[in-house]
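S.K.: Next come the chains, spelled out residue by residue.
2 protein chains.
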Amino acid sequence: MPEIRQNLATKEWVIIATERARRPEDFKTRRTENKLPARSDTCPFCPGNEVNAPGETCVISDENGWKAKSVPNKYPALQADGDRTRTIKGIKRYMTGVGIHEVIIETPVHNTTTALMKDRDVEDIIRIYRERYIALSEDERIELVTIFKNHGESAGTSLEHPHSQIVGTPVVPQHIRLRIEEAMRYFDDNGECVFCRMMKEELREKERIILETDCFVSFILYAAASPFHTWILPKRHTASFGKISDREVADLAKILRTTLAKMYYGLENPDFNYVIRSSPCDIGESDSFHWYLSIMPRITKTAGFELGSGMYINTSFPEESAKFLRGVKI
Amino acid sequence: MPEIRQNLATKEWVIIATERARRPEDFKTRRTENKLPARSDTCPFCPGNEVNAPGETCVISDENGWKAKSVPNKYPALQADGDRTRTIKGIKRYMTGVGIHEVIIETPVHNTTTALMKDRDVEDIIRIYRERYIALSEDERIELVTIFKNHGESAGTSLEHPHSQIVGTPVVPQHIRLRIEEAMRYFDDNGECVFCRMMKEELREKERIILETDCFVSFILYAAASPFHTWILPKRHTASFGKISDREVADLAKILRTTLAKMYYGLENPDFNYVIRSSPCDIGESDSFHWYLSIMPRITKTAGFELGSGMYINTSFPEESAKFLRGVKI
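Here the protein sequences come in this chain order: A and B.
Residue numbers for the first sequence follow our numbering, beginning at 1 and rising by one.
Residue numbers for the second sequence follow our numbering, beginning at 1 and rising by one.
Bound conformation, chain A alone (with noise of 0.2 Å):
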């Protein structure tokens, strides 16, 4: 019989299709070997080809040159110029389409990915991470700071080099909006986070857990949206993803490398994106809302159940997925 579960946090319902469920294996996307170069002449992200790119506003180096960077976004879907300007005429609603858009280019290795880094590789791109993301969250235009990664064309991505983006909006999103207000309910109703209260519950059963660190915990949804969707929530209670210490820094580019070098090995280098998910500026720190990041391996298609419907079908086991990354050796 299928299960139909809940997101304690977000609310929404997922299928866990029994009748159609396959095995963690099965999800493997046997991508052929990586026959990418190392650097590339015509990628603007390489080495020496940065009289293509706009300016960086933060950058790591050592003795070598430039370690990771971020500059604006060359394409950007926002722009930094002008004020949020709010138009409204009979349906039509509109502000001018201000914000900020950047890429982090994560190393200078053309051919590589995250899995296959150094942890001290992956803290330097957290550290930039951290850096813009408090940058962008103090202009006053900005309400919300979404920072994500995409990896691999059916993840949307449209550049092979190791990148990823943050974007400053001037607007909280509905989709966003909700699950702010779904944790402060739950906060009102048990007067604890709801995000804490999951993370210990799932550490109590263990079951779905791929990873505990010092300070983070990284586990399969109990509602997983679809195949091996992980959280990676910290254990410090904190709202905003600005507030995360030196020491986190350096704990989750360990955890967050561990998790994506044990889906790369055990499902064979799939598409992923992930999303680190924030309060939004205004609120900053709250007792009701926890940062968390959200990892998203794209091995199934959404199709118009999910588009009609905002239910998921997921044709995989939770616990079987999260027992198959935790034997996965690396």
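Hints listed in this document are in silico derivations from the structure and should not be mistaken for laboratory results.
Among the hints, a few may not be true.
[Unchecked claim] Beta-carbon label-pair distances, calculated as ranges:
#, chain 1, residue 1, chain 2, residue 2, range
1, A, GLU268, B, LEU36, 25 to 33 Å
2, A, GLY82, B, ARG204, 27 to 35 Å
3, A, GLU192, B, ARG86, 21 to 29 Å
4, A, ARG86, B, ASP246, 43 to 51 Å
Remember, predicted model here, so these are calculated numbers, not experimental data.
A virtual CB, placed ideally from N, CA and C, is assigned to each residue, including glycine.
Please arrange chain B on chain A, whose structure you already have, making use of the hints.
M.R.: For chain B alone, kept in the frame of chain A given last:
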């Protein structure tokens, strides 16, 4: 300068990315010629292969045999037997996956698609939608009935034979509840249905209209989430698709087929999903909600930004897309 547009009915924000905008004709998929046979021995939906398919729940025939029919899904996401027992254990909330999942086999012909059918044949399909919609709604365990179609691989189809699906779920997902609540709020404030208002203004402005018939209007959304994102709205205020009249069934067949044909010829057979959004079974008719059919061509990919923020980036101008489709001769 990019524009951030809001959908008045759903309150969703969309970035119309002017810097990245493409012309309507740039979205052509350049699909190669249809090389499928008119009948396939291995297709479970082709006439003569019924031995492998479950029994019919509704069938429309003529002297040559069946023209369109509905059957239970052989691999249902939800199961028809059992009660919707809900269990709460700590963070784990689930209910038994009771529900109804049927497939509508749209035609005996293996290698056709809605755009290439006769209006009269599409009418048969919509008559089956109505009949099964009403039947599923009457099951007291069902809270919401969703009808959808996946066309093409990137829209999530696994079978080529033209078909659509109908799913009755024992919950109203938050995604739908939110839309119902927003519509109620608009009605509260303005004393009119927000969808009726949108339709009136679209008909007055004309620039996003694709087609108007006696009973329906098809238009590209002002805040289209992706290129060519289209709504077809009935002119008569009705909240439940189950209330569609015979005259409207025939008229919907015409506007749906013609709209899809304009996309088929203008964009060269793009993959797409469509979905019929109707009020939850418990609500039925209401002054504030309005059923509609939403078409989403799958010609761009959603990535980490969309997954993370719930905002969409659209690289086309809705007004240009509508003008382009109006000009497509079929």
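S.K.: Next step is simple, just say for each hint if it's right about the structure.
M.R.: Now for the hints, and whether the structure bears them out:
| no. | hint | verdict |
| --- | --- | --- |
| 1 | A:GLU268 <-> B:LEU36: 25 to 33 Å | holds (31 Å) |
| 2 | A:GLY82 <-> B:ARG204: 27 to 35 Å | holds (30 Å) |
| 3 | A:GLU192 <-> B:ARG86: 21 to 29 Å | holds (23 Å) |
| 4 | A:ARG86 <-> B:ASP246: 43 to 51 Å | holds (45 Å) |
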